[in-house]
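Starting from the given sequences, assemble the full structure and let the hints guide the process.
Those protein sequences? They're chains C and H, same order as listed.
Offset between the first sequence (1-based) and the numbering used here: plus 16.
Offset between the second sequence (1-based) and the numbering used here: plus 5.
In case anyone wonders, no lab produced these hints; they're calculated from the structure.
Quick caveat: nothing in here was measured; it's all calculated off a predicted structure.
Derived pair list, reagent style DSS-like, types lysine-lysine, alpha-carbon separation capped at 30 Å:
#, chain 1, residue 1, chain 2, residue 2
1, C, LYS603, H, LYS373
2, H, LYS373, C, LYS190
3, H, LYS453, C, LYS190
4, C, LYS393, C, LYS190
5, H, LYS373, H, LYS453
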Amino acid sequence: MITAETMTEIGSLPSYAPLMLLLPLIGFAVTAAVGRRLGKLAHLVPLAAIVATWGMAMSLAIPALTGGLGEAGASLPLFTWIASGDLTFGLGLHIDALTGALLLVVTTVGALVHLYSVGYMSHDDSYWRFFAYLNLFMFSMLLLVLADNLLVVFAAWELVGLSSYLLIGFWYTKSAPGLAAKKAFITNRVGDVGFALGLMGLVVVFGSLDIHTVLAGIEAGALTGPAATVIALLIFCGAVGKSAQFPLHVWLPDAMEGPTPVSALIHAATMVNAGVYLVARMSPLFASSHEAMLVVAAIGIFTAIFAASIAFTQTDIKRVLAFSTLSQLGYMFAALGVGAWIPAIFHLITHGFFKGLLFLGSGSVIHAVDGEQEMTKMGGLWRKIPITYATMLIGTVAIAGLPPLAGFWSKDEILGEAFKFGFTWVWLVGMVVAGMTAFYMFRLMGLTFWGKSRVHDESHVHESPWTMTVPLIILAVPSIAIGAALGFPFADGVLVHGLEPVFHPASALLEHEHEAWNLFGIDGLLMLASVTVASVGTVIGVRLFRSDNSELLGRVTRRLQPLYDGSRGRWYFDDLNDLIFVRFGRKVANSLWWFDRRVVDGTVNGVATLTSSGGRGLRQIQTGRVQNYALGIAFGLVAIAAAYLVIAG
Amino acid sequence: MSDMPILSLIIFAPLLGALGIALLPSSRPSLIRFAALGISLITFALSLGMLLGIRASGEEFAFSEQLAWIPSFGITYHLGVDGLSGALVVLTTLLSWICILASFGPIQTRVKEYFISFLVLETGMLGVFLALDLFLFYIFWEVVLVPMYLIIGIWGGADRIYATIKFVLYTLVGSLLMLVAILATAFSHQAATGSWAGAFDLIVLRGTVVDPTLQILGFAAFALAFAIKVPMFPFHTWLPDAHVQAPTAGSVILAGVLLKLGGYGFIRFAIPLFPDGAHLLAPLMIVLSVIAIIYGALVAIVQTDLKKLIAYSSVSHMGFVTLGIFTFNQQGVDGAILQMLNHGLITSGLFLLVGIGYERTHDREIAKMGGWASRTPVYAALFGFFLFASVGLPGLSGFAGEFLVLLGAFIANPMVAGASTFVMILAAVYLLYMYQRVFTGPLSPFLKGLGSHLTDVTPTEIMTLAPLAAMIVVFGVMPSILTSSFAQSVQMFLMSAISTVAR
Numbered sequence: 017m018i019t020a021e022t023m024t025e026i027g028s029l030p031s032y033a034p035l036m037l038l039l040p041l042i043g044f045a046v047t048a049a050v051g052r053r054l055g056k057l058a059h060l061v062p063l064a065a066i067v068a069t070w071g072m073a074m075s076l077a078i079p080a081l082t083g084g085l086g087e088a089g090a091s092l093p094l095f096t097w098i099a100s101g102d103l104t105f106g107l108g109l110h111i112d113a114l115t116g117a118l119l120l121v122v123t124t125v126g127a128l129v130h131l132y133s134v135g136y137m138s139h140d141d142s143y144w145r146f147f148a149y150l151n152l153f154m155f156s157m158l159l160l161v162l163a164d165n166l167l168v169v170f171a172a173w174e175l176v177g178l179s180s181y182l183l184i185g186f187w188y189t190k191s192a193p194g195l196a197a198k199k200a201f202i203t204n205r206v207g208d209v210g211f212a213l214g215l216m217g218l219v220v221v222f223g224s225l226d227i228h229t230v231l232a233g234i235e236a237g238a239l240t241g242p243a244a245t246v247i248a249l250l251i252f253c254g255a256v257g258k259s260a261q262f263p264l265h266v267w268l269p270d271a272m273e274g275p276t277p278v279s280a281l282i283h284a285a286t287m288v289n290a291g292v293y294l295v296a297r298m299s300p301l302f303a304s305s306h307e308a309m310l311v312v313a314a315i316g317i318f319t320a321i322f323a324a325s326i327a328f329t330q331t332d333i334k335r336v337l338a339f340s341t342l343s344q345l346g347y348m349f350a351a352l353g354v355g356a357w358i359p360a361i362f363h364l365i366t367h368g369f370f371k372g373l374l375f376l377g378s379g380s381v382i383h384a385v386d387g388e389q390e391m392t393k394m395g396g397l398w399r400k401i402p403i404t405y406a407t408m409l410i411g412t413v414a415i416a417g418l419p420p421l422a423g424f425w426s427k428d429e430i431l432g433e434a435f436k437f438g439f440t441w442v443w444l445v446g447m448v449v450a451g452m453t454a455f456y457m458f459r460l461m462g463l464t465f466w467g468k469s470r471v472h473d474e475s476h477v478h479e480s481p482w483t484m485t486v487p488l489i490i491l492a493v494p495s496i497a498i499g500a501a502l503g504f505p506f507a508d509g510v511l512v513h514g515l516e517p518v519f520h521p522a523s524a525l526l527e528h529e530h531e532a533w534n535l536f537g538i539d540g541l542l543m544l545a546s547v548t549v550a551s552v553g554t555v556i557g558v559r560l561f562r563s564d565n566s567e568l569l570g571r572v573t574r575r576l577q578p579l580y581d582g583s584r585g586r587w588y589f590d591d592l593n594d595l596i597f598v599r600f601g602r603k604v605a606n607s608l609w610w611f612d613r614r615v616v617d618g619t620v621n622g623v624a625t626l627t628s629s630g631g632r633g634l635r636q637i638q639t640g641r642v643q644n645y646a647l648g649i650a651f652g653l654v655a656i657a658a659a660y661l662v663i664a665g
Numbered sequence: 006m007s008d009m010p011i012l013s014l015i016i017f018a019p020l021l022g023a024l025g026i027a028l029l030p031s032s033r034p035s036l037i038r039f040a041a042l043g044i045s046l047i048t049f050a051l052s053l054g055m056l057l058g059i060r061a062s063g064e065e066f067a068f069s070e071q072l073a074w075i076p077s078f079g080i081t082y083h084l085g086v087d088g089l090s091g092a093l094v095v096l097t098t099l100l101s102w103i104c105i106l107a108s109f110g111p112i113q114t115r116v117k118e119y120f121i122s123f124l125v126l127e128t129g130m131l132g133v134f135l136a137l138d139l140f141l142f143y144i145f146w147e148v149v150l151v152p153m154y155l156i157i158g159i160w161g162g163a164d165r166i167y168a169t170i171k172f173v174l175y176t177l178v179g180s181l182l183m184l185v186a187i188l189a190t191a192f193s194h195q196a197a198t199g200s201w202a203g204a205f206d207l208i209v210l211r212g213t214v215v216d217p218t219l220q221i222l223g224f225a226a227f228a229l230a231f232a233i234k235v236p237m238f239p240f241h242t243w244l245p246d247a248h249v250q251a252p253t254a255g256s257v258i259l260a261g262v263l264l265k266l267g268g269y270g271f272i273r274f275a276i277p278l279f280p281d282g283a284h285l286l287a288p289l290m291i292v293l294s295v296i297a298i299i300y301g302a303l304v305a306i307v308q309t310d311l312k313k314l315i316a317y318s319s320v321s322h323m324g325f326v327t328l329g330i331f332t333f334n335q336q337g338v339d340g341a342i343l344q345m346l347n348h349g350l351i352t353s354g355l356f357l358l359v360g361i362g363y364e365r366t367h368d369r370e371i372a373k374m375g376g377w378a379s380r381t382p383v384y385a386a387l388f389g390f391f392l393f394a395s396v397g398l399p400g401l402s403g404f405a406g407e408f409l410v411l412l413g414a415f416i417a418n419p420m421v422a423g424a425s426t427f428v429m430i431l432a433a434v435y436l437l438y439m440y441q442r443v444f445t446g447p448l449s450p451f452l453k454g455l456g457s458h459l460t461d462v463t464p465t466e467i468m469t470l471a472p473l474a475a476m477i478v479v480f481g482v483m484p485s486i487l488t489s490s491f492a493q494s495v496q497m498f499l500m501s502a503i504s505t506v507a508r
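Written out as structure tokens, the structure is:
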């Protein structure tokens, strides 16, 4: 089914495009080499590199999103990476509207996080190292979204994993960050096994991993049936790992051991979106398998409600946001799974901005209260840190899905399309999650900013320096406005126009019909419903946590003690993993080690002992005379040759 | 190029150097050290010159030399180099000078004997890679054993005698059976053609062994010798012992070059000589390779000694080599050769690093370490670099080989690839678990007790690691430099590996 769209000519990118990769890479190399000697100026090179990259990215992302690069986007081949016989895997860049959407979030939040870190990390001895790692991450993430070959995407996928490992474990002299970094990398690798095998499957089918070749082949119907399902699900394993979906979600909450700017950049706004990007990029593959789509939708919506239920009871401010991230990513996968491709990417964009804002805001709070992350030791902070409070409130309203802020637009589209495409169950669970989200976010706001102060020493509480508050203020703008800017008029906004050609082949495979959007019909009703649940969640959250309600909360908690314990204990998944993989795995490895020493090596030593005791018996013939040995060797060779002649006959 | 016998020059330059060093007085250790380094650098330079020549040539063997040696049995002094052996020769000459430089500090007793042994070892290894006559190959193969026996047995750790005897006897068992197979092949050639001419010559013998029994038994005998050397499961238990007892440079050369002799032997000798036997036994070889990959990684997880951990990781990594070879397809074999070269660079680096740490701590017990990075950040960073290369991080050289082997395996049989790919997780587990325990967290009491002895890497140590690190990056970004250099060798191998029955 080769449509007019897929035949569209691919344009060529301007020759400066590779600089978007090179500048952060140079920033990393320079800072890693001499950053230590630059002291408190170590941020200059990396910051300049990212600002320049942001400029270039915008100059390409905006045309890409508004159709300026043509419907098929634009490419720039660079060089052959791996070649083996007829198979070659090349490195080239490609930008279309989907890449444009990612560039928008990645470079904007990336640049602001760099600026923010100038303030946040200013007291750290390894200031330079932090900026080196940040630039390495930016390089890897940009490579991931720009690459036109799936093997390069995989490579970038692993490199973002490395940057994430380095940044989670940034404070390596403490124990917990090292453990969390290791857990993140290994958990991701579990998903990557599937990803790698899926890629091998694609090579066997298409003889290439060039994204255009593969997608054109799929659109032409070259991969269907069980093979499509298996390959799609294998690749989805990678997405589940990187985007921390159930059951590989366990690494993300622990990743909060990293410095807070890292949590904002990598573990909320950018890297964790990679899985969503991958599934969106491979949308025709997923659309070729009904079963694969169903799995994506189910995992997504389950993660959404599962993580939201944990966010209810966490008291560490960053942990709440981490589970909220899992939950929101779950929305995106649910959207992809029902074929609501554009809403998924829409939510990726809005979430990137408001979650980046919320994380940086939480960092500002932590900075204000001397590194305390427990909300039980906060409260009443709104007067002391008004800019942080105001911007975080904007972020909270945005994520809660209240109109007209950003989250409302994208969440509403996801839920609306899920309903209209017949996935009532996804819609229903999604509605519940929307209410839960509003509730736990206002709980976070209440515990942190409202009520009486529980801060140990209030005299130290201070608003953050401008390098930190300016990024908050800047991020508040898209958190308010980007939903309407990209999503209005409904079903006919900028984003829909831009992304429609990218997802047309997949939607055609799903045979989705787009009907006119009708405010006074089903669409208006769905919107009313989602605003209602968000409002209910908000009202309950605000009422419970506006002031000190500990008696009432205590009563509710006691009523629901098992549920409360389960939620606080993250439904015991970490314990289960510990039992199965760590304890049982170590038992297996230890018994193999026993086997290796006792059985494998034991046999070798046994044979040796047998031989040497046999040798003692034969010592009589050891005369010490070389002539005798020579005779023996000669006889031996003759005997062997004779034996051969007999056998070979 | 001219008629200069460049191959002989490369092989015998270290031996001549060893003879020269024998004449130097033992009382001048630093003169001996620099003489050895100079000789190994000259050999390295010669091998690079040879490499340039190979790239320009279109022949199967860009340089070859053949002289009559034992004419009554058709044994000749026949050398030849193609892209495959050329790359391994350069790996050998590179690691030799790195090892010699890395031995400057650690080796303080019997300095003269040590460097003589090392240079003789280099000659033996180079001879194995360049010989095209089976008898000559066998001679070099055995020559390698003697200096290695001495290096472990004299300059090794506390249990060195057990380890070195185990190493020698184990290897001898395999190679003696190989000798029998060589003789049988020659006899059969003589019987078939009525002449001894070419009876030991690989180029003559390729594709002529038709006797099905000899195909199977001959392959089995060669395969046993090479499987012990690689080492393949279940013939691997000599390796951890040898590594743990060997001095640092011994471990480096063992992992970097000696294990490759096995992989090379399969590609150059065992399979082209006995393709039918190879095809018949290929399923077994593949199963053993997959076991080695997974089993080696699992056993590595629970190791308590740093060197043993890396030794078991070698078992796992070398499993990729044999797996790739026995897929008999382009990707698998390309990947196997890449894996040999990259394992040579990466694991050598890891052994050098373990040695550097041992120089300071005189210990390799993982449980005693912890928080090392806070004292020696450069050392920790370098360790991290080689470690991620070993994990197979794309962009560093380990990835391309492993991916191509897995791809080759997938093409041959998706289930095999499916099982082997799990090593991606296990490799991350055993290496990162080790790194976390050794380098991160608070400083351990043991390391704290070392006080100012716990210094960071010296410039000399960086000189031994920098060339490896640079090549790991270059071949990680552009592995096609390597694959194109041995593309022709792989073509020839794939043609000669077609079973004679199929032909």
